[in-house]
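Combine the two chains into a complex, taking the hints into account.
Residue numbers (my numbering), protein chains in the order written: chain A, 1 to 365; chain B, 366 to 732.
Among the clues, some could well be false.
Said to hold, decoys possible - Chain B regions said to be covered by chain A (calculated; three or more residues, Cβ under 8 Å): (1) 456-466; (2) 673-685; (3) 694-705; (4) 709-716.
No lab work stands behind these hints, which were simulated from the structure alone.
Quick caveat: nothing in here was measured; it's all calculated off a predicted structure.
Here a beta-carbon is modelled for each residue, glycine too, at the ideal position from N, C-alpha and C.
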Amino acid sequence: MTVPGAITKAQPAGAVAELSSRIRRRYFRNPLDTVMSATCLVLLCLAVLKLVRWGISDSVWDARNSAECMQRGSGACWAVIHARFRVIVFGVYPYAEQWRPAVASVVLIAACLASSLPFFWNVRRLAVLWGLSLIGFLTLMQGGVLGLALVGEQYWGGLALTVFVFAAMMILGMPIAVLLALARHYGPRWMRLAAGTCIDLVRAVPLITILFTAWLFFSLLFPEWLTGGKLFRAVLGFSLFFACYEAEVLRGGVQAIGRGQEEAAAALGLRFWQRQRAVILPQVWRLCLPQTMNLVVGAFKDTSYISILGFFDLVATATAAIGSGEWAAAYVEVYVVVAALYFVFTYSLSRYGLYLERRVGVAQR
Amino acid sequence: MRLVLVVLAIAVAVVVIHWLLSGSPFAALGFLFDPTGWDIAYSILSFNKNDPYWWAFVVGVTNTVTAGMLGIAGATVLGFVTGLAPLAGNRLLSDLARAYVDIVRNIPLILQAAFWYGIILHLPPARSAFGVFGIAYLSNRGFCVPKFADTVTVVGAVILFLVLYRGVAATWRAWHNRQETSSALWRRGVPILTTLFAAAGLTLLLPHLPAAFAIDVPVLRGLNFRGGFQIPPEFAALATAIILYRGAYVGEIFRGGFLSVPRGQIEAAISLGLKPWMVLWKVRLPLALILIVPPLSSEYMTIVKVTSIGIVIGFADLFMVSSSAAVQTGRPIEVILVMMLTYLLLNYSLSGALNVVNRRVRARGYD
Numbered sequence: 001m002t003v004p005g006a007i008t009k010a011q012p013a014g015a016v017a018e019l020s021s022r023i024r025r026r027y028f029r030n031p032l033d034t035v036m037s038a039t040c041l042v043l044l045c046l047a048v049l050k051l052v053r054w055g056i057s058d059s060v061w062d063a064r065n066s067a068e069c070m071q072r073g074s075g076a077c078w079a080v081i082h083a084r085f086r087v088i089v090f091g092v093y094p095y096a097e098q099w100r101p102a103v104a105s106v107v108l109i110a111a112c113l114a115s116s117l118p119f120f121w122n123v124r125r126l127a128v129l130w131g132l133s134l135i136g137f138l139t140l141m142q143g144g145v146l147g148l149a150l151v152g153e154q155y156w157g158g159l160a161l162t163v164f165v166f167a168a169m170m171i172l173g174m175p176i177a178v179l180l181a182l183a184r185h186y187g188p189r190w191m192r193l194a195a196g197t198c199i200d201l202v203r204a205v206p207l208i209t210i211l212f213t214a215w216l217f218f219s220l221l222f223p224e225w226l227t228g229g230k231l232f233r234a235v236l237g238f239s240l241f242f243a244c245y246e247a248e249v250l251r252g253g254v255q256a257i258g259r260g261q262e263e264a265a266a267a268l269g270l271r272f273w274q275r276q277r278a279v280i281l282p283q284v285w286r287l288c289l290p291q292t293m294n295l296v297v298g299a300f301k302d303t304s305y306i307s308i309l310g311f312f313d314l315v316a317t318a319t320a321a322i323g324s325g326e327w328a329a330a331y332v333e334v335y336v337v338v339a340a341l342y343f344v345f346t347y348s349l350s351r352y353g354l355y356l357e358r359r360v361g362v363a364q365r
Numbered sequence: 366m367r368l369v370l371v372v373l374a375i376a377v378a379v380v381v382i383h384w385l386l387s388g389s390p391f392a393a394l395g396f397l398f399d400p401t402g403w404d405i406a407y408s409i410l411s412f413n414k415n416d417p418y419w420w421a422f423v424v425g426v427t428n429t430v431t432a433g434m435l436g437i438a439g440a441t442v443l444g445f446v447t448g449l450a451p452l453a454g455n456r457l458l459s460d461l462a463r464a465y466v467d468i469v470r471n472i473p474l475i476l477q478a479a480f481w482y483g484i485i486l487h488l489p490p491a492r493s494a495f496g497v498f499g500i501a502y503l504s505n506r507g508f509c510v511p512k513f514a515d516t517v518t519v520v521g522a523v524i525l526f527l528v529l530y531r532g533v534a535a536t537w538r539a540w541h542n543r544q545e546t547s548s549a550l551w552r553r554g555v556p557i558l559t560t561l562f563a564a565a566g567l568t569l570l571l572p573h574l575p576a577a578f579a580i581d582v583p584v585l586r587g588l589n590f591r592g593g594f595q596i597p598p599e600f601a602a603l604a605t606a607i608i609l610y611r612g613a614y615v616g617e618i619f620r621g622g623f624l625s626v627p628r629g630q631i632e633a634a635i636s637l638g639l640k641p642w643m644v645l646w647k648v649r650l651p652l653a654l655i656l657i658v659p660p661l662s663s664e665y666m667t668i669v670k671v672t673s674i675g676i677v678i679g680f681a682d683l684f685m686v687s688s689s690a691a692v693q694t695g696r697p698i699e700v701i702l703v704m705m706l707t708y709l710l711l712n713y714s715l716s717g718a719l720n721v722v723n724r725r726v727r728a729r730g731y732d
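So that you can see chain B by itself, here it is in the shape it has in the complex (with noise of 0.2 Å):
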């Protein structure tokens, strides 16, 4: 409903603005077809100049929620890490996460984003690169991770699997749950519908996938490396910054969330026998993770936005890719308004996404 209305006002804003400068009142959104000129430094779509500037937008889409998803599950990680350590037990492992927070928490991302970027800039060359098992590369190209030979096939292939096994489970449940309202071929219809559709895009798949599974292991050649996945040092740098700042604050957040479980839970869990791995896996962790959710939304929304100092260090993300699409075209109105569309729409399609997995931990019942 909000979102409906902040389009809208937006919307109205700029055709009155547009009206009162130029006298036309519906802003020439052409531009968006015209080819744009310039490059982009590194993007995960491909990207050149004659590409027309929707293009463009699409890109820097692309890399924000790239390095935005990337910041997210590193931070998730490293916050979930962090908010354990109080719980070992160990005064020392836990001043050493407090002492971490506290530093890296009071200094701005900015000047985190461009030590990293420097400290990157300044590894080793490509000949001499830092080798980590002999799988991955550190050197001031960037890092050098391997990848699967075709991923898209591999994200399609894991995503069919998945409806596959849902639709089969509900599939089971629609045929032995009598007691549902809806009707009959509604209720096992869909179920089997989307089934036989995952089954059929599997087996289509089938033949593609050790070929797309194949590891695709970086290997230097000359100069540089071949194969892989080659991470530039703008990413990279981006990446581990935001992982550090944002995983301080998803720390804190997972800290919180841990130590509020009752302690009669977790001493009821322990004199059930569980083993200490399990009293957090299944106690502790579900019981904390009503409280955790609202807060790491908001937290995971704030990674996704501060993607946008990328501009500090050049990685294009979809705020550099506006402000050079503001400046070339001369139209910044009409830029600024596709920007802050596109930053409202990711915004509310991850709130979206989080609420539901929200009402999920919720329905666990328990408050």
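So here's chain A without its partners, still in its complex pose (with noise of 0.2 Å):
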């Protein structure tokens, strides 16, 4: 029996209480609880105190080197940034035309924000978008055109390289994914072997010995013009490995939508690509969405793997930040920022990935 007297009697007094049983259902349920909790809390408030007087009240902001970082402050070294933030961002790239690589990583992370739109979710406008865009990369980063002087592409470096291995990795390996997965699941015989012992063959050796591969076996076999320049033989192996992944990911999408999708599209009188096109992939796209968002985000990690080939990406700037003996002892402060920036597209990449799903519904199906 309810008595309406009786309910506004049982609320909690106000915000203040509310939280304080909350907090108590939550985190001291019961004395074992409470223990775990008390011991997290410590250790939490210790790690958090030591690093607040680390990376604030006992840093340092202004010092020409890190043996006058060490002498200021027992705390983190952030002039080290101030002083070599131009060589962790922009690599090797020339000092005075650093704008360009400024700019152009302006234009790709603005074409990967523009592209998770649901707008340009379509093929043609996301060709227009990327084509537009990578031409302006391209012509920003190398000149040679429009009074701009050329850079090689061997000076290319820092967060724009990381970018655009990232977004021509996206580019290229998509669809020679979709072609793998394809022609293993619908080609003939011959097709499906050649595609499962690529995509087995690739997915069985680590990423590096791909790039590796690609770098030599390329320039072995192929003339110069054919194959390009070191960066974009990199970037086919790069193109590669992810497609290779992400084509078994697909094909299991594939083979979850069955036959009956299949013959309902043929029996419409659609050919092959046009049922591809309208009637399977988009629904294959949507199943494998959770899993593509994954190698997404790994693939981002991984454009680092170029550092070994000898590019400045940011992994490579960082070591180059700290090379020069005057701050080699700031490496950790050096370290703890590319990370930062590592995590803030990783972190967005996998939360983008997380609404996305919520967004096209998997479970709407």
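Set out below in structure tokens:
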């Protein structure tokens, strides 16, 4: 039986009381819980305290080298970021021209952001968007036209290179992945076997061996004008690697769709590519979204492998920034900043993936 | 089947490429027997510059496998604990585990390896090394941990003991289970022979065992450590980075597996009066393993593959040895062939072993 007065009485007095009861329910339900929470809390407080001391209160923001930093304070030497910022973000790109990679990275990041808008979710719009932004990026970085000085790819570096490798890997890798998956699922026997062998082979060896092989083989097998620069070959290797993993994900999706869809579309008189484009692939895409986003996040981190081939991506520029003796002791600060940069990209990618999953609604099917 | 195809495809491709390039279809793999002339900074097996190339590859594989096994073991333990955290029912604890996973998973492994390498190189020198209970030391020379006086003998003895144990059990079963269809000779002979061989081996090893099992604890002598197992900075940094990074992924696998066990099973176990650790160990873990083992297998293969980033900090794994060999011999195609085949072999043998584990786990029924 409900008495109107009783309901209002039973309600907690205010926000504070409600909060305290919620905290009690969450963290201090029983003695064991209380002990665990208390231990965690103490450890957490100690860690946060130490971090704040190191990173803020004892840190040095103004010094000429790491030795001077150590004299001035026991905490982080953020002066290194101020001093080596250009090296970290732009690598060895000529100093006077560094506005170009800055604008170029903004162009690519803007294109990435734009393609996450539903407006661009069709092949033609994406093609136009990425065609234009890649032309813009390459023109800005390479130069040699419009009065821009020519800058070879060996001087490209930092954020611009990392984002470029990532974007190129996606643009080249996704179509290859679709083709590989379709070949392995629908192709005649020899095609299934070839695609399967290629996928299994690439997936069985480390990424760096693929890059290394692409780097060596392409230059041995094909004439110079066909293979392009070293960077292009590396990007090809990256794309192939990504495509083989993505192809397996997509193939799983194609198998999960089932024959019914395929047959219904065929009965409507649609040809193979029409069926794929209008019926199968959209469903596959929706089904495979979670795993695809995992691969995409992984791909962003994998761009760091290009530093092994001697390119100045963010990891290599971080090492270069502390490589000069004067800042050698401030390595933690530089790595923390670069890690934070990566984190911003990968974390927002994975959050975006979660949003997409909700939006295109795997559950709604 | 597919492995054979892959190997054949590579071999054919290499022969054709070589034929196109040099006119002679059969690549000279003779370089494998030439002395290398260069040194490998750190290796589990000994190596010097007069050793041939094939030995350099063996040394590289051993390093890769050692780092991979260490990474697998460490990441599994760390992942198990991380995956367990949400089960404790404490919000703060599971939030901490979540934070660890989210931070570590979003930073490239190469950066983490470089970071830990920097940390280890900036540790105090051996004279003022951090001691861990007086038996292990952390210094800028890497980690120094206790080891068995004769590790090879210890490993051999342990394997022989396991074989003996299984052999006795199999013999016992062969004698008491009369429903089997295969011939008595085969059914009883194999276990008996295995048991006898293992027993003989163990008897032979017995006099050496006390000396072999003696623990060799590192001690500081002058400027460096004597005794114990020395893990150089490169190896230590690589292992730390891989364990922390892949441990987060393993943690997610365990978490998903643990949470997927139906509540009813757990409640039934509790109402039977099982202690909490028994609920975990006897009910939750075995049921979760059915779901955990397949993704964990591919995770383990990933761990073995990512040891190849060792080149960033100068750990001489299979890839680093191969890239040096490719440059030094001027025979990149052959070197790549050897490297790829070795990685394939590693990968497929690991996946074969893990498939056996998977079958065993699933054989418990329930699905």
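Hints versus structure:
Restraint check on the region 456-466 of chain B versus chain A: 4 residues with Cβ-Cβ distances below 8 Å, three needed, restraint holds. Residues of the region 673-685 of chain B with a Cβ under 8 Å from some Cβ of chain A number 5, which satisfies the need for three, so the listed coverage holds. Residues of the region 694-705 of chain B with a Cβ under 8 Å from some Cβ of chain A number 5, which satisfies the need for three, so the listed coverage holds. Coverage of a stretch by a chain is defined here by at least three residues with a beta carbon nearer than 8 Å to that chain's beta carbons; for the region 709-716 of chain B and chain A the count is 3, and the condition holds.
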